[in-house]
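Two independent chains are provided; combine them into the complex using the hints.
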Amino acid sequence: MNMKLKGLGNRTYNVLFHTHTVSGIVISFALFVIFYAGAFALFRHEIKQWENPAFRQQVNPSFDYHKAIHKTDSLYRVDWAKPVYVYFPEEQVPFFRLVGNTEEGKQGDTTVASRRFYAYVAPMNYQVDELYEKTTLSDTLYFLHFFQQLPIQRGQYIAGLVAVFFLFATITGLLIHWRSLFTKFYAFITEGSWKTIWTNLHTVLGVIGLPFQIMYAVTGAFFGILILILAPVVFMLYGGDTDQVYQKISPDLAIKVNPEAPTTDKNIPFTTLYKQVVKAYPTLHVKRASLTNYGKEDAFVTWYLGDEKGIFSDGTAVMYMRDGKILPEYSITPIKKEYSQAVRDLIRKLHFASFGDVMIKVLYFVLSMITCLMIISGVMIWRTARDNKRYTLKQRLFHHRVTKVYLAICLSMFPAFAIIFLANKLVPMSMEGRADFVNQIFFISWLALTILGSFWNNYAKLNKNFLFLGGMLSLIIPIANGIVTNDWFWQVWQTLPRVACVDIFWLLTGITALVLALKVLKVKATSDVPTALETFENDTKKVQTMQVKRQLPT
Amino acid sequence: MPAKKKYLSGSWKRFSKVTAAILGGFIATMLLHVAIIKRVPYDAPALMTAAYSSFIVWVGFMILTYFIHKAWQVWCLLGAISLMSALVIYL
Chain A
1 MNMKLKGLGN
11 RTYNVLFHTH
21 TVSGIVISFA
31 LFVIFYAGAF
41 ALFRHEIKQW
51 ENPAFRQQVN
61 PSFDYHKAIH
71 KTDSLYRVDW
81 AKPVYVYFPE
91 EQVPFFRLVG
101 NTEEGKQGDT
111 TVASRRFYAY
121 VAPMNYQVDE
131 LYEKTTLSDT
141 LYFLHFFQQL
151 PIQRGQYIAG
161 LVAVFFLFAT
171 ITGLLIHWRS
181 LFTKFYAFIT
191 EGSWKTIWTN
201 LHTVLGVIGL
211 PFQIMYAVTG
221 AFFGILILIL
231 APVVFMLYGG
241 DTDQVYQKIS
251 PDLAIKVNPE
261 APTTDKNIPF
271 TTLYKQVVKA
281 YPTLHVKRAS
291 LTNYGKEDAF
301 VTWYLGDEKG
311 IFSDGTAVMY
321 MRDGKILPEY
331 SITPIKKEYS
341 QAVRDLIRKL
351 HFASFGDVMI
361 KVLYFVLSMI
371 TCLMIISGVM
381 IWRTARDNKR
391 YTLKQRLFHH
401 RVTKVYLAIC
411 LSMFPAFAII
421 FLANKLVPMS
431 MEGRADFVNQ
441 IFFISWLALT
451 ILGSFWNNYA
461 KLNKNFLFLG
471 GMLSLIIPIA
481 NGIVTNDWFW
491 QVWQTLPRVA
501 CVDIFWLLTG
511 ITALVLALKV
521 LKVKATSDVP
531 TALETFENDT
541 KKVQTMQVKR
551 QLPT
Chain B
1 MPAKKKYLSG
11 SWKRFSKVTA
21 AILGGFIATM
31 LLHVAIIKRV
41 PYDAPALMTA
51 AYSSFIVWVG
61 FMILTYFIHK
71 AWQVWCLLGA
81 ISLMSALVIY
91 L
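In order, the protein sequences belong to chains A and B. Just so you know, we're using my numbering here: the first sequence kicks off at 1 and counts up by one. Just so you know, we're using my numbering here: the second sequence kicks off at 1 and counts up by one.
If we strip away everything but chain B, and leave its shape as in the complex, we get (with noise of 0.2 angstroms):
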């Protein structure tokens, strides 16, 4: 029952992929729903679906993670996702 050791990563790439999970996740998550939010035309209700949907996309993200191989193409994606939310918020 336990998983099978040979699909596991080692510790350096499960360290990495735990923080992106965690950490890059929340970051992307929240870019991304600061740049709805400021982006559509009424800000309250995307106030508010942004109170519980953070936490789903959230998950969602740290999901994700385990279904892509690289640890390298997670930080990418997450990276990704963050920088084109900063964009639109910034720009």
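Chain A on its own, in the form it takes in the complex (with noise of 0.2 angstroms):
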């Protein structure tokens, strides 16, 4: 059976080919960094548990939502105007949390600055903090997949237009590997030489993660430069009016609300509301919901409902506090939902996999790791290919130094990300600022490795370093925690599963590299600098045999 498709031209091969190499290079260092922070923060709310010891604990069954708000509203002095954010306390994270923007007010002659502020209010004597000051690990992670933490502060437009040149350099490869497409299923092959391995394990794992390395793709260009596409229609079309955009999306913004409009006490209470709620849509959860206005006479709620599970089951809710009827124009109903209010949470769920449930995310996790592993082996074939007479020792020194480089900043990540849960454990709750404080450990350990790497000039003692380093830190992950929380996983797994699949997953992944680094990797002492070339007919032969298998792909 002829298992071959009909292929490009040769000119047309060529070209895709070097367009691929081209945009895979210069996008390969941001795009591992995305796909490998990314699988972590894959799970941002179930590290949480782990991340914070104040989570772990009962939710409270009949926690007063009115006296949370109120408590917080005195303490932060709230901005009603502006919509807060209030999510429910769920197993993962037990604490009602409120996040909004505080008045601006003034102090004796001073006038004090608008804020954000992220309150946590606990379950049992409603004490409110601000924890997001205490442990940022999660979202640190969660906020590297983007870039956010680059002084530009824009990061998320980098990893959008990364995204894009990703789908550029996907397709490219699938074009130029249309010929084998349906051998590359299947040929995990480990023998030849390293260009051959490299090239397999790049196509094969390419091949197989194809469909979601263009979701991703698409998804991952939608939530950094959506704007670069909205500004153009909005300009066009609106007349520069971004609200009538995003109303078609959240027809809740069409809502005006008086600021200066009377404080009431007639309102339907919040907890009394919140229970209807549940009460009408028994199969979703309510997540969060923002509050407009709260206590005054046009005071309105959006509740969020969703779940883990549909691809559609996210929507809205929406009512005025004074009847507390669902006014369906503002709402999107779950499921019945339309089209165009539809695309954004499908999107939203595709990239964040929140359906399916947990096992979604570990797949989503494997076929991250096996998009990192494509992305190395890229740049190992793009090294390998070039070591040869016809680059000049010099493009060659190059080569290296980049492949180098590449490496070390790659493949440090393991160890550093270890450094960040190490650090979440070891640096005191109590101590003042200790989140910017780990964050600054993580920062400066991964830079550290990253230099202490490119002292390395043998690729496979570089990669079998950095396992080692990192499969020992991860196992010092379970017992810190053990320590200095008191809950070992073997105690907890019960009770608190997240905090104990974290410990385990660590334990796992610390003997995984291990194993790796001391039995299954073979280092040879040799340096991978390259050297000027033995004799020119070597060579000749070299290339030679090069061209003959471009002209007949495998």
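Source of the hints: derived by calculation from the structure; they are not laboratory data. Fair warning: there could be bad hints in the mix.
What the hints assert, rightly or not - Pairs of lysine-lysine, PhoX-like flavour, derived with a Cα cap of 20 angstroms:
#, chain 1, residue 1, chain 2, residue 2
1, B, Lys6, B, Lys70
2, A, Lys336, A, Lys248
3, A, Lys71, A, Lys82
4, B, Lys4, B, Lys70
5, A, Lys195, B, Lys4
6, A, Lys67, A, Lys248
7, A, Lys389, B, Lys6
8, A, Lys464, A, Lys519
9, A, Lys519, A, Lys195
10, A, Lys336, A, Lys266
11, B, Lys38, A, Lys389
12, A, Lys389, B, Lys5
13, B, Lys70, B, Lys5
14, B, Lys38, A, Lys248
15, B, Lys70, B, Lys13
To be verified - So, partial list: chain A residues that the calculated Cβ filter (under 7 angstroms) puts toward chain B:
#, residue
16, Ile227
17, Ile229
18, Val233
19, Met236
20, Lys248
Stated by the list, open to error - Label pairs and their in silico Cβ distance ranges:
#, chain 1, residue 1, chain 2, residue 2, range
21, A, Gln149, B, Phe15, 47 to 57 angstroms
22, A, Pro328, B, Ile56, 30 to 40 angstroms
23, A, Ile326, B, Val88, 34 to 44 angstroms
Remember, it's a predicted structure, so these values are computed and weren't measured experimentally. We put the CB at the ideal spot given by N, CA and C, even for glycine.
The following block contains the structure:
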């Protein structure tokens, strides 16, 4: 049976091959960081209990939301004219959370500027804290996956552009391997020269991960640089009025409130409304709500409904607090919503794996790691294919340095991630400004490890050293958590399964990394620094074989 | 393995093609989408489709650029698409 598809012509093949190489190499650094950090960020909410022991308590079933809102208001002087988001307690974060802006006020002669606050209200004693100042581990990894920590503040634009060129590289990759697409499904060959091994790894993993990668390229571009698409549309069709566009997606934005509206105590209490909504949507969770003009006559609430299973199950219910009647014209009804209202939620669900429960996240994690491996093997092909006499020694030294720094940045992420998990446990909770300190430890050790890695001129040794270091650090993580919080994973796997899962994940990762580093990987004592090649004859033969291979692609 | 040099363009043509692919492709994509959003009876579904299809069409134009041999032909094609779309938008 002929398994070959019709391929490209010679010229197009070579041109597309070149664009694939160039676009791939340019984005490879950033793309690796995006997928590696993104894979961990998938479990952003699941690791919250691990990162902060304060979350390891029961949800209070008779929690008084009204009391919590009032207490927060009296502490922060909340600006109710802008929407304040409240998050309901759930098993992974049993605190009631409020996110909003404080009112601009006067303290003596100085004006106090309005600021954003993240208040956490404790389930039992209603104590209000900004726990965000204590620990940001999961958010640090989440922000890293779109470079939010870069000084330009808008790292998401870089991530979005990387996503567009990732789509370009993926499609050109698909086109140049089109002829041998079927065989690439099962070409798990680990024999032959290094170039063949890297090529097989790159193409097989690329084909297996193709739908996943295309999905992430498109949804990643959507979250990163949607503004690039929306801006021309808004200016050409809606006279620069962004509200018109946003109201099509979130109809509740069309509700206008009067900041001068008189305060009233006739509104239905928040807790009553909450119970009413929970009863109206028995199959869905009420995850969060936004409150506008709370306590005033025109106060309204948008309830955000959804679950972690369905792909169209997200929606909203909007109501005025004076009567508690759901306003269908401002709401997005789950499942029955219109196409234009479903698109954003669908993209969000696909991107954040918030459907099909936790198994989808595990699958996404594995596919992200496969993608990371595909990116690395792509760089290795680039370098291996250029390590011959057709390039000058100077060029080859340049290729070597790029590859080395690239590998140092990417492979040191494993030990650096283990370090931030460790730092999260070892820096005392009572320390002032500890979250920033933990983040500094993470970024400085990542930088230090990258610099250290740049001194190792043998790629296999670099890989082995980082695996060994990461593996050792990984094994300490569950021990550190056990000693610091006294929640050993074999004791709490039933009561705090998420905490135990993080510990077990690092334990298994550590063992695997050590076995790989010490038993599997064979490191020869050679250097990968290019030297002048032996004979010209030898090299011409190499080039000839290469050309033959090209004409008969495997 | 690296692409054969004889098939690749010189530096000026290469610059022209990269610009055509990224910038020309983007302008053509956006004008095409704006034209469609403006002319379909309901703008909301078209707008939300544009939020993701723009990226796909943009990359499509980028790749198309490299299928066409001559840089001026690429500019002509993308220019024609942009001009037609602009006519649909403003007439």
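Right, here's what the structure says about each hint:
no. : hint                                     : result
1   : Lys6(B) / Lys70(B)                       : 15 angstroms, holds
2   : Lys336(A) / Lys248(A)                    : 16 angstroms, holds
3   : Lys71(A) / Lys82(A)                      : 18 angstroms, holds
4   : Lys4(B) / Lys70(B)                       : 18 angstroms, holds
5   : Lys195(A) / Lys4(B)                      : 17 angstroms, holds
6   : Lys67(A) / Lys248(A)                     : 35 angstroms, violated
7   : Lys389(A) / Lys6(B)                      : 18 angstroms, holds
8   : Lys464(A) / Lys519(A)                    : 10 angstroms, holds
9   : Lys519(A) / Lys195(A)                    : 23 angstroms, violated
10  : Lys336(A) / Lys266(A)                    : 33 angstroms, violated
11  : Lys38(B) / Lys389(A)                     : 57 angstroms, violated
12  : Lys389(A) / Lys5(B)                      : 15 angstroms, holds
13  : Lys70(B) / Lys5(B)                       : 17 angstroms, holds
14  : Lys38(B) / Lys248(A)                     : 15 angstroms, holds
15  : Lys70(B) / Lys13(B)                      : 8 angstroms, holds
16  : Ile227                                   : 11 angstroms, violated
17  : Ile229                                   : 5 angstroms, holds
18  : Val233                                   : 6 angstroms, holds
19  : Met236                                   : 5 angstroms, holds
20  : Lys248                                   : 4 angstroms, holds
21  : Gln149(A) / Phe15(B): 47 to 57 angstroms : 33 angstroms, violated
22  : Pro328(A) / Ile56(B): 30 to 40 angstroms : 33 angstroms, holds
23  : Ile326(A) / Val88(B): 34 to 44 angstroms : 40 angstroms, holds
Hints 6, 9, 10, 11, 16, 21 from the earlier list are contradicted by this structure; the remaining hints agree with it.
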